[in-house]
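Undergrad: Model the full structure from these sequences, guided by the hints.
2 protein chains.
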Amino acid sequence: MVMKPMKALLDLEAGMRIVMDAARPIERTEQVTLLEAVGRVLAEEVCASMDVPPFARAAMDGYAVRAEDTFGAGNFSPRILELIEVIHAGESARLSVRPAACIQVATGAPMPDGADAVVMVEDTELDRTNVMVYKPVYPQQHASPMGEDIKSGSCVLQRGMRLDPSKIGVLAALGFQKVTVYQKPAVAVIPSGNEILMPGEALSPGRIYDINSYTLSALISENGGLPQIFPIMKDTLEAAISTIREALTYDLIVLSGGSSVGERDMMVEAVERMGEIKFHGIAVKPGKPTLCGVVEGHLLIGMPGYPTSCLTNGYGILAPALRKMSRLGERALASLKAPMVRRYTSTIGRHQYLPVRLDGGEVVPVFKESGAITSMADAEGYIEIPANVDLLEKGEVVEVLLF
Amino acid sequence: MVMKPMKALLDLEAGMRIVMDAARPIERTEQVTLLEAVGRVLAEEVCASMDVPPFARAAMDGYAVRAEDTFGAGNFSPRILELIEVIHAGESARLSVRPAACIQVATGAPMPDGADAVVMVEDTELDRTNVMVYKPVYPQQHASPMGEDIKSGSCVLQRGMRLDPSKIGVLAALGFQKVTVYQKPAVAVIPSGNEILMPGEALSPGRIYDINSYTLSALISENGGLPQIFPIMKDTLEAAISTIREALTYDLIVLSGGSSVGERDMMVEAVERMGEIKFHGIAVKPGKPTLCGVVEGHLLIGMPGYPTSCLTNGYGILAPALRKMSRLGERALASLKAPMVRRYTSTIGRHQYLPVRLDGGEVVPVFKESGAITSMADAEGYIEIPANVDLLEKGEVVEVLLF
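If you read the sequences in order, they're chains F and D.
End of the first sequence sits at 403 in the working numbering; the numbers just go up one at a time, nothing left out.
End of the second sequence sits at 403 in the working numbering; the numbers just go up one at a time, nothing left out.
Among the hints, a few may not be true.
No copy is singled out in the list; a pair is fine if it fits within one copy or between any two copies.
Unchecked claim - With a cut-off of at most 20 Å between alpha-carbon atoms, the simulated DMTMM-like pairs for lysine to aspartate or glutamate come out as follows:
1) Lys-178 to Glu-222
2) Lys-285 to Asp-127
3) Lys-178 to Asp-265
4) Lys-151 to Asp-11
5) Lys-178 to Glu-201
6) Lys-151 to Glu-45
7) Lys-337 to Glu-399
8) Lys-234 to Asp-265
9) Lys-234 to Glu-91
10) Lys-394 to Glu-246
11) Lys-151 to Glu-125
12) Lys-337 to Asp-359
13) Lys-151 to Asp-378
14) Lys-368 to Asp-51
15) Lys-135 to Glu-13
16) Lys-178 to Glu-369
17) Lys-234 to Glu-45
Just so you know, these hints were derived from the structure itself, not from any lab.
Values in this document were obtained by computation on a predicted structure and should not be read as measured data.
TA: See below:
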């Protein structure tokens with residue numbers, strides 16, 4: 001084994017441009033039911049083939065009237081209209097509203113012919129078949145015209161929109177049962193490292209359980225991907241080549257593990273032989289030994305082997321790439337601003353992801369070391385320290401991105 | 001049909017206290033695999049039955065040494081050590097490191113007996129079996145002790161934690177394949193209203209498609225619940241009673257529709273007969289005709305029939321209740337602050353949810369009317385206007401909660 005130190009590091013911005021450029025939005029689509037559609041990305045333009053509502057309707061419980069019949073009504077001078085019919089929601093009036101008459105309507109009921117407004121029940125009194133109207137209405141008051149919500153022919157949802165509850169409501173309003181969405185990117189998660197075992201296997205000397213495949217899969221699920229964990233890749237060039245070849249049926253290939261320079265060289269060589277290395281080594285902390293390549297058009301990201309490095313780069317590099325592929329767009333991580341509990345020194349020249357928790361309104365760094373998954377699990381979020389900043393003062397206000 | 005106007009409105013805070021008090025966290029648990037566990041809530045305390053790492057290990061690629069053998073090393077005065085063995089990750093050394101000797105180790109490899117530090121490969125030169133060390137190390141440098149990440153016996157994850165990628169990583173590190181989480185609350189979504197049809201049915205005069213069951217189900221899924229849409233409830237007291245009885249196998253009952261006072265009275269009567277009305281009518285806009293009851297210990301929420309009213313109250317009232325039941329805790333909706341594009345007047349005495357979108361960095365109200373689902377679908381989020389505020393000035397900075 002010849003151990004070669006990594007070459008000069010690429011800065012994060014340049015690295016991200018390369019990754020984002022190689023990450024291509026998925027074009028494949030599938031049909032899902034409205035109940036399955038929440039959080040998915042619409043793959044068709046949705047144009048209305050009907051008006052919503054499909055008829056003019058009462059917007060209040062009350063009496064459908066000819067507005068002019070109510071003009072001049074007041075608390076001491078009610079206009080008196082004859083109640084000629086009572087209809088409920090879902091029913092249509094048989095009669096038309098003629099002058100000095102009215103029809104009782106429930107909210108949502110179709111407006112009877114002849115009526116152009118609804119007097120609210122609160123502004124009336126009923127005496128057998130006489131309705132005393134105490135307040136005038138103007139034409140169209142408390143009546144929703146046909147197509148007020150959605151006009152037939154209008155295109156209400158655009159391709160690429162994320163389907164949130166309101167947009168699913170629009171589909172329901174138009175009578176859709178299914179909708180065409182983009183497929184989720186399929187992601188091959190390939191663990192490697194002779195020292196790792198899958199959870200559930202019996203631990204033997206020198207071995208540890210695979211952490212990265214699980215943290216990455218969880219992150220992939222959270223960011224719109226479909227992870228598939230591969231068997232642990234053997235530490236040989238042949239194994240790397242045949243595994244990557246098998247993974248070419250996936251949209252994105254994520255290699256996890258291979259933390260040591262030796263293992264990494266083997267991955268680098270496999271990618272070099274099969275495609276192109278875009279970069280190897282990036283100026284972030286932790287997470288320096290990150291690899292980016294393209295094999296037959298497929299983006300391949302080699303994550304650092306250390307669990308914290310792997311996961312912070314998961315948030316920083318993998319998730320944005322995946323969100324471009326899945327078309328979910330940038331993740332709006334909830335964030336808050338709070339002061340540092342103590343001075344913190346960072347490494348100049350490397351963009352740092354610092355896991356933190358909040359204690360009494362102050363930001364407490366919880367980074368233990370890159371090899372410790374508890375560095376992340378004890379954190380509530382992270383702060384980013386740009387490459388050109390080497391010191392955060394005690395009390396300095398920073399932005400915490402919450403997991 | 002006798003139409004009764006609603007009684008005095010409860011303020012939002014008092015209403016929320018009632019709803020939140022009646023919403024009880026789910027106690028039932030289930031086992032899921034680590035891959036299914038992301039976003040779920042842990043129902044057990046997780047204590048380590050092993051150290052992580054389970055052995056002292058090299059934290060760098062390099063040479064395991066006795067630190068004292070490197071003292072005094074410098075660029076012009078290397079210490080020369082004999083390379084007696086080469087081990088890779090996953091292997092254990094057969095030999096011990098004796099004075100003036102070293103063993104080549106990869107990151108993650110167990111520390112050989114006798115060694116107490118690792119010299120980084122960058123600080124050395126190899127000449128056949130002689131390793132020139134150009135920089136001294138102190139004891140424990142670049143070596144991670146056994147249990148550094150997690151100590152055997154320590155309890156690392158607590159019941160009630162939401163399983164994010166890092167916490168799933170902790171479970172993987174400890175060799176877990178499955179984990180016990182709280183079951184998701186099962187939610188009965190019961191549409192009503194004689195005027196509604198399910199999407200896919202042929203539209204007939206006076207009828208509209210059900211929107212609320214779909215917006216609510218999407219919202220329920222997004223907030224940790226398992227929605228089940230019931231058949232459309234008939235508009236009779238008997239139907240209401242038998243449907244609610246059937247829904248008592250669910251954790252939460254959500255009635256949607258019944259926008260008119262008449263339909264609502266029927267629901268109120270059914271709930272009064274079977275259990276207790278907690279409130280009927282709340283000082284929010286839109287969403288006033290909201291009903292809260294408890295039937296045999298089950299929280300029941302009657303949502304307003306109008307789609308926008310229903311969905312804003314879904315975000316404002318239903319989602320917090322569900323997140324208490326599912327133990328997900330308050331939703332940290334991403335938010336941003338921006339100025340109002342124009343003056344906006346609100347209703348004093350009612351807490352308003354105003355759907356808005358952002359245009360050129362300014363907040364644009366998009367509220368059309370409560371009956372229009374496009375009031376919400378055209379919005380990117382909403383602002384809240386407290387009951388005691390009746391005016392937002394043009395340029396006033398408000399907080400937008402993003403969907």
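Undergrad: The structure should be examined with respect to each hint, and the outcome stated for every one.
TA: Hint check:
When the C-alpha separation of Lys-178 and Glu-222 is checked against a cutoff of 20 Å, the pair qualifies only between copies, where the shortest distance is 19 Å, while the shortest distance within a copy is 23 Å. Proximity of Lys-285 to Asp-127 under the C-alpha cut-off of 20 Å is found in neither arrangement, the shortest distances being 80 Å within a copy and 32 Å between copies. For a Cα distance limit of 20 Å, the shortest separation of Lys-178 from Asp-265 qualifies neither inside one copy, at 48 Å, nor across copies, at 34 Å. In the homo-oligomer, the alpha carbons of Lys-151 and Asp-11 never lie at most 20 Å apart, since the shortest distance is 51 Å inside one protomer and 36 Å across protomers.
For a Cα distance limit of 20 Å, the shortest separation of Lys-178 from Glu-201 across copies, 13 Å, qualifies, whereas the shortest one inside one copy, 43 Å, does not. Taking the closest pair of Cα atoms, Lys-151 and Glu-45 come within 20 Å of each other only inside a single copy of the chain (15 Å); across copies the shortest separation is 55 Å, beyond that limit. When the C-alpha separation of Lys-337 and Glu-399 is checked against a cutoff of 20 Å, the pair qualifies both within a copy, at 4 Å, and between copies, at 15 Å. In this assembly of identical chains, Lys-234 and Asp-265 lie within 20 Å of each other by CA distance solely inside one copy; the values are 14 Å within and 69 Å between copies.
Proximity of Lys-234 and Glu-91 under a CA criterion of 20 Å is satisfied inter-copy only: 14 Å between copies versus 70 Å inside one chain copy. For the identical chains of this complex, Lys-394 and Glu-246 are neighbours neither inside a copy (51 Å) nor across copies (59 Å), given an alpha-carbon limit of 20 Å. Taking the closest pair of Cα atoms, Lys-151 and Glu-125 never come within 20 Å of each other, the shortest separation being 36 Å inside a single copy and 76 Å across copies. When the C-alpha separation of Lys-337 and Asp-359 is checked against a cutoff of 20 Å, the pair qualifies only within one copy, where the shortest distance is 13 Å, while the shortest distance between copies is 25 Å.
For the homomeric pair Lys-151 and Asp-378, the shortest alpha-carbon distance between copies (14 Å) is at most 20 Å, but the shortest distance inside one copy (52 Å) is not. Within a single copy, Lys-368 and Asp-51 get their C-alpha atoms only as close as 60 Å, which misses the 20 Å cut-off; across copies the closest is 16 Å, which meets it. Taking the closest pair of Cα atoms, Lys-135 and Glu-13 never come within 20 Å of each other, the shortest separation being 66 Å inside a single copy and 33 Å across copies. In the homo-oligomer, the alpha carbons of Lys-178 and Glu-369 never lie at most 20 Å apart, since the shortest distance is 48 Å inside one protomer and 27 Å across protomers.
Taking the shortest alpha-carbon separations for Lys-234 and Glu-45, neither the intra-copy value of 46 Å nor the inter-copy value of 35 Å comes in at or below 20 Å.
In terms of the numbered hints stated before, the structure departs from hints 2, 3, 4, 10, 11, 15, 16, 17, listed from lowest to highest.
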